[in-house]
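Enquirer: Listed here are the chains, written in short residue letters.
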Amino acid sequence: MLELRGLSRHFGGVKAIDGLDLEVRKGEIVGLIGPNGSGKSTTVNVIAGVFPPTAGKIVFEHQDLGSLPTHRRLQHGIARTFQNIRLFGQLSVWQNLWVAQNAPGERARRGFVARWLGGQTGVRAEIAELLEFSGLAHKQDELAANLAFGEQRRLELARALAARPKLLMLDEPAAGMNNEEIGQLRDRILKLRAHGITIVLIEHVMELVMGVTDRIAVLNFGQKIAEGTPAQIQADPLVRKAYLGGI
Amino acid sequence: MLDFIQAVSDGLLFGATYALIGIGFTLVFGVMHKLNLAYAAASVGAAYAGLLILPLSAGAPAWLVFLCAFLAGGVIGWLVYLTCFHFIPLSNPLAALMATVGMLLLIDEIIVHSTAGMPQNYPAMFDDVMLRAGEFTLRGDLLLVAGVSILCMIGLLALLYRTRLGLATRAVSQQAVAAQLCGIRVGRVNGTTFVITGLLGGIAGALIGASVGALSPLLTAPLTVKGLIVTVIGGLGSIPGAIIAGFLVGAFENVFQQFRGVTERDLYVMLLLFAFLIFRPSGLFRH
Amino acid sequence: MDFYYGLAQTMGIHTLLGLSAYIVLLTGQVTMAQAAFFAVGAYAAGMLTVLGGWPILPALGAGGVLGAATACAVGFPALRVKGLMLVVATLAFGEGVRLFFFNFDYQVAKGDIKVGPLGGEGFRQIRYFQENGWTTGEAMLFIWGFVVLAMAALWWFDRSRYGAVLRAVGEDELAAQSVGVNLTAVKVSAMTVGGAIAGIGGGLYAHYTTHIEHANFNVLLATFAIAYPIVGGLKNVFGTLAAVVFVQAFLIEGLRFLGDWRNLLFGALIVAAMNLRPYGFLGGRRA
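Residue numbers (this note's numbering), protein chains in the order written: chain A, 37 to 283; chain B, 29 to 315; chain C, 8 to 294.
Note that these hints are calculated values from the structure, not bench results.
Glycine residues also receive a C-beta, built at the ideal position from the N, C-alpha and C atoms.
One thing to keep in mind: the hints can contain errors.
[What the hints assert, rightly or not] Computed Cβ-Cβ distance ranges for the label pairs, DEER-style: (1) 9/C / 184/A: 58 to 66 Å; (2) 309/B / 62/A: 20 to 28 Å; (3) 76/C / 90/A: 37 to 45 Å; (4) 132/C / 309/B: 38 to 46 Å.
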């Protein structure tokens, strides 16, 4: 579904991504791990269209994404969450999800005037579904900035799902969570895969990565140093040296 | 051709004052990431304040008036800091911006009231001196203007790059929170930045008054716009940028005035700004 | 009674000016160009009724359309300019438009006198209301009809998805893009709507005051335009209305007895308001 071919992204002299080849098949959950600064977030940013690649190609569903802008990539089915939560703090939970109602079928389904100037009735069902999934239905009118940290993370995830993406990139979704929350996150990710969403997961929390992914790619200094199943990665001496630590 | 060179040279010399105004805007933006729209008005106000010495000591020499304007600029700069930046929460740049606009209007009105709107004569130095090279002249007073401006710029750069205060200022401009955690009093640094830019503005205002020969409240709006244009062309936050852009705008403006007259001149300066905004929005030097 | 009608007329026109800035400010674009769109509407509507003999409604409509078109044209290059640079760019644009009208002559002979804009002299004899027997009260109601319409439209936007999207863009452009919002479309559309409202307001202004000139559409007016929504708060349209009433009623008329000093007070009052209530009278942030 997603193919990175020789992808590079330089910032001046810094090679954040350096000749990265990666393939993500439909329905997989692929983990992307590595030390800080290894290029994980930059990879997500480049796939999402925030930065253009310095070299190489990104092919999504057999189509070269080229210089397609971010909001159009969303229309093609690529969604992402942010490492530092970027909610619309001054809008309510409901409104955050409302703004994100940009799924490809929407335009055809509802018409311009209704989509933009219509009231809340038309999208109640879709948003209710998202609220249900993230367990935030009881807080739908609360300002996003007033939510607890865990609730904000759940809202961020729900918002990314609003446009019914085919590929969802999660950037360190477990940061700052306790074990119980990590367990819930794991269940939610598996539920999403069951719904047919392909997932790329950037994480440092190893128990989550090892427990939920089908395959893992390990980055260091912008390059892929290893790829394989969680078991294979755990056993790989290069990976242990660079990142996991200890033999 | 000679006319052109003359226009460029006069413009460059006068442009030194625009450079100072541009530095004032850009330094505050670089350190606090806020725009002080009252700056040009404060500079003109300081120049007026310099005149206050005249009734006190009859026949005071021009340089004394300049010195008073210089010092008054520092005081006014500090006042602007207090009223617009010290108490207003940093997270609300709009409120600070509006407050500076309020100060701009306030200073303007104070000037109009104390002078009944009449232009005031401003003393000049070396205005009778002319250096000639054939048909080409260099006005003595303009040379002084450029000279003093350049001295001030050198002084500022020395302050920023050779003193502890300058180091602290640069630290705050890059990472205010981290600077605070290192023990730097951010409020003090910000206030001092305003005083320093105020001093620069005071001397700029005085020099403008000296080269034009008179001060009028009508100076504030065009000077604000021009100062902002210089800042944008030079690159917001870049002092070398503001310096070069100041000279550039001064020369440009004078050449257009020479060949197309005063009314169209400002339109062309505007076009220069738009050209930069379209082709090089980050200005000459990125911050 | 006529005096109060006149005051209400001024308030209505200024409310339209403020509302035109309100919608643009929601998207995070600080615009000093609203006075320019206001000017375009004023001259256009005036010329259509005076020179073209058009009735008032189509003339105002044309003023609105031209204001919108100008705003749309400005909206696209404005996308390339971030944050405070946009303030400078729009300020310069506003000045450019003012200078354009300063140089704009278009006179037509009507009977034995010439009517139409005449450069620095301005555009006199915009007497549609007078010639058609409108009373001050009727004109006031007419103006407020448009104010109510504009407020209703913006209130509706605020409660619709468009309003939420506008505010999302104003808060975090990167996040908005990532959930599929087309930034260009949203920001330019907001600018265009603002331009339309300003254009209609300008057209009404020209007919209310019967004589317009370039100096009316200066930096001060551009400042009023953004001051109203900022001082009133961006929570809803009533904030802007409250700010207009406060400024116009209390400052300009209620303090009339202060004579010349009320202009001084305006600047001081903005500074005080921003220090005491940085998020506006009715607030814009609740968290």
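Enquirer: Assuming the hint says 38 to 46 Å, is it satisfied by the Cβ distance from residue 132/C to residue 309/B or not?
Expert: For residue 132/C and residue 309/B the Cβ distance comes to about 43 Å; the hint holds.
Enquirer: Residue 9/C and residue 184/A, beta-carbon distance inside 58 to 66 Å?
Expert: holds (59 Å)
Enquirer: Could you see if the CB distance from residue 76/C to residue 90/A stays within 37 to 45 Å?
Expert: Cβ of residue 76/C to Cβ of residue 90/A: about 40 Å, so the range 37 to 45 Å holds.
Enquirer: Between residue 309/B and residue 62/A, is the Cβ distance one that fits in 20 to 28 Å?
Expert: This hint is violated: roughly 41 Å between Cβ atoms.
Hint 2 from the list above is the single one not met by this structure.
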